[in-house]
Amino acid sequence: QSVLTQPPSVSGAPGQRVTISCTGSSSNIGAGYAVHWYQQLPGTAPKLLISDNNNWPSGVPDRFSAFKSGTSASLAITGLQAEDEAEYYCQSYDTGLTGSQWVFGGGTRVTVL
Amino acid sequence: QVQLVESGGGVVQPGGSLRLSCAASGFTFSGHGMHWVRQAPGKGLEWVAVIWFDGSKKFYADSVKGRFTVSRDNPKKTLFLQMNSLRPEDTALYHCAKFTGTDEFGYFDLWGRGTLVTVSS
Chain D
109 QSVLTQPPSV SGAPGQRVTI SCTGSSSNIG AGYAVHWYQQ LPGTAPKLLI
159 SDNNNWPSGV PDRFSAFKSG TSASLAITGL QAEDEAEYYC QSYDTGLTGS
209 QWVFGGGTRV TVL
Chain A
398 QVQLVESGGG VVQPGGSLRL SCAASGFTFS GHGMHWVRQA PGKGLEWVAV
448 IWFDGSKKFY ADSVKGRFTV SRDNPKKTLF LQMNSLRPED TALYHCAKFT
498 GTDEFGYFDL WGRGTLVTVS S
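Sequence lines, in order, name chains D and A. Be aware that the first sequence starts at 109, since it is given in our numbering, and climbs by one per residue. Be aware that the second sequence starts at 398, since it is given in our numbering, and climbs by one per residue.
Note that these hints are calculated values from the structure, not bench results. Ideal Cβ positions, reconstructed from N, Cα and C, are used throughout, including at glycine. Hints should not be assumed to be uniformly reliable.
[To be verified] Ranges of calculated distance between the beta carbons of each label pair, as one might list FRET restraints:
| id | chain 1 | residue 1 | chain 2 | residue 2 | range |
| --- | --- | --- | --- | --- | --- |
| 1 | D | 206 | A | 468 | 21 to 27 angstroms |
| 2 | A | 460 | D | 134 | 20 to 26 angstroms |
| 3 | A | 518 | D | 187 | 45 to 51 angstroms |
| 4 | D | 127 | A | 486 | 29 to 35 angstroms |
| 5 | D | 120 | A | 427 | 41 to 47 angstroms |
[Unchecked claim] Every beta carbon over 10 angstroms from chain A, so not counted as near; a handful from chain D, in silico:
| id | residue |
| --- | --- |
| 6 | 120 |
| 7 | 122 |
| 8 | 125 |
| 9 | 134 |
| 10 | 159 |
| 11 | 167 |
| 12 | 172 |
| 13 | 175 |
| 14 | 184 |
| 15 | 186 |
| 16 | 190 |
| 17 | 220 |
| 18 | 221 |
[Unchecked claim] DSS-like cross-link-like pairs, simulated, lysine-lysine; straight-line CA separation at most 27 angstroms:
| id | chain 1 | residue 1 | chain 2 | residue 2 |
| --- | --- | --- | --- | --- |
| 19 | D | 155 | A | 440 |
| 20 | D | 155 | A | 473 |
| 21 | A | 455 | D | 155 |
| 22 | A | 454 | D | 155 |
| 23 | A | 474 | A | 455 |
| 24 | A | 455 | A | 473 |
| 25 | A | 473 | A | 462 |
| 26 | A | 474 | A | 462 |
| 27 | A | 440 | A | 473 |
| 28 | A | 440 | A | 455 |
| 29 | A | 454 | A | 473 |
| 30 | D | 155 | A | 474 |
| 31 | A | 454 | A | 474 |
Model the full structure from these sequences, guided by the hints.
Here it is in structure tokens:
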């Protein structure tokens, strides 16, 4: 079970807006640590999609935006496109009882209808 | 070309060992912490280990502590993961990843495609 909780799947029609939630706790997101988002297309390596404070790596469209509040974060995709079909992961840092570690969400599959 | 290329995966029996390698190119390898992240078949990402840019510090996930050892050779721009006492639950695609920034606010900005480790009798 992942430290960060994401919905297994979300879907939307082309052009629609979808959001992916990422729920953590006081030892990670709630502690003020950064939340970053990664996109993994089928059969490929994960790719940094958007880093904390909405910093987009070169080549990533600004249709993707990230939000954070309290112990949760979310990724929004506006103007959904067929090429956005992928698995999306949130990631943060955790300083829980068992020590410090980097943590991921379980991943959310985005399907374009 | 900026890339990470893993190798060394394969099929091993429970209790066996494997040594993974990750060859880096196109960036200042010695200037970055490096991580191993694994992905079990059909599952999500799980952080495994980190080694500081100069090799001075290493940390591991509880699930591999005492069995896995991370190391690096900066002149050869190569990252390693020695895996001992392997268990079936270690079966996964193992990615190496370049880390940029501080522990609390940094991110993985370059990933390799991974090397598959299968632990089975």
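Structure-based check of each hint:
1. Between residue 206(D) and residue 468(A) the CB atoms are about 23 angstroms apart, so this pair conforms to the stated range of 21 to 27 angstroms.
2. Look at residue 460(A) against residue 134(D): about 23 angstroms separates their beta carbons, and that is inside 20 to 26 angstroms.
3. For residue 518(A) and residue 187(D), the hinted distance range of 45 to 51 angstroms is satisfied, since their beta carbons lie about 50 angstroms from each other.
4. For the pair residue 127(D) and residue 486(A), the supplied restraint of 29 to 35 angstroms holds, since their beta-carbon distance comes to about 33 angstroms.
5. Between residue 120(D) and residue 427(A) the Cβ separation comes to about 44 angstroms, which falls inside the hinted range of 41 to 47 angstroms.
6. Here residue 120(D) stays apart from chain A, with its beta-carbon at least about 21 angstroms from theirs, past the 10 angstroms limit.
7. Here residue 122(D) stays apart from chain A, with its beta-carbon at least about 26 angstroms from theirs, past the 10 angstroms limit.
8. Every CB of chain A is more than 10 angstroms from the CB of residue 125(D) (nearest about 24 angstroms), matching its label as outside the interface.
9. With a least CB separation of 14 angstroms from chain A, residue 134(D) remains clear of the 10 angstroms interface cut-off, as annotated.
10. Some Cβ of chain A comes within 10 angstroms of the Cβ of residue 159(D); the nearest lies about 5 angstroms off, and the non-interface call is violated.
11. At roughly 12 angstroms from the closest C-beta of chain A, the C-beta of residue 167(D) stays outside 10 angstroms, upholding its exclusion from the interface.
12. The beta carbon of residue 172(D) sits about 14 angstroms from the closest Cβ of chain A, which is more than 10 angstroms, so the claim that it is off the interface holds.
13. Residue 175(D), annotated as away from the interface, keeps every beta carbon of chain A farther than 10 angstroms; the closest lies near 17 angstroms.
14. At roughly 19 angstroms from the closest C-beta of chain A, the C-beta of residue 184(D) stays outside 10 angstroms, upholding its exclusion from the interface.
15. Remark: the non-interface label on residue 186(D) is consistent with the geometry, its nearest Cβ contact in chain A lying 22 angstroms away (cut-off 10 angstroms).
16. The beta carbon of residue 190(D) is kept farther than 10 angstroms from every beta carbon of chain A, the shortest such distance being approximately 23 angstroms.
17. A cut-off of 10 angstroms between C-beta atoms confirms that residue 220(D) is not in contact with chain A; the least separation is 21 angstroms.
18. Every CB of chain A lies more than 10 angstroms from the CB of residue 221(D), the least distance being 23 angstroms, so the non-interface label holds.
19. Annotation: proposed proximity of residue 155(D) to residue 440(A) holds, straight-line Cα distance about 17 angstroms (limit 27 angstroms).
20. For the suggested pair residue 155(D) and residue 473(A), the alpha carbons sit about 25 angstroms apart, so the restraint of at most 27 angstroms is met.
21. At most 27 angstroms may separate the alpha-carbon atoms for a hinted pair to count; residue 455(A) and residue 155(D) meet this at roughly 24 angstroms.
22. At most 27 angstroms may separate the alpha-carbon atoms for a hinted pair to count; residue 454(A) and residue 155(D) meet this at roughly 26 angstroms.
23. The suggested pairing of residue 474(A) with residue 455(A) holds, with an alpha-carbon distance near 17 angstroms, which does not exceed 27 angstroms.
24. Between residue 455(A) and residue 473(A) the alpha-carbon distance is near 19 angstroms, which keeps this suggested pair within the 27 angstroms criterion.
25. As the CA atoms of residue 473(A) and residue 462(A) are separated by approximately 26 angstroms, the hinted pair is consistent with the 27 angstroms bound.
26. A distance of roughly 24 angstroms separates the Cα atoms of residue 474(A) and residue 462(A); the hinted pair therefore holds under the 27 angstroms criterion.
27. For the hint linking residue 440(A) to residue 473(A), the alpha-carbon distance of about 32 angstroms lies beyond 27 angstroms, and the restraint is violated.
28. Between residue 440(A) and residue 455(A) the CA atoms are separated by roughly 25 angstroms; this keeps the pair inside 27 angstroms, and the hint holds.
29. The hinted pair formed by residue 454(A) and residue 473(A) meets the criterion: a straight-line CA distance of about 19 angstroms does not exceed 27 angstroms.
30. The straight-line distance between the Cα atoms of residue 155(D) and residue 474(A) is roughly 21 angstroms, inside the 27 angstroms bound, and the hint therefore holds.
31. With a CA separation close to 17 angstroms, the supplied pair residue 454(A) and residue 474(A) stays within the 27 angstroms bound.
Consistency with the previously given hints fails for numbers 10 and 27, ordered from lowest to highest.
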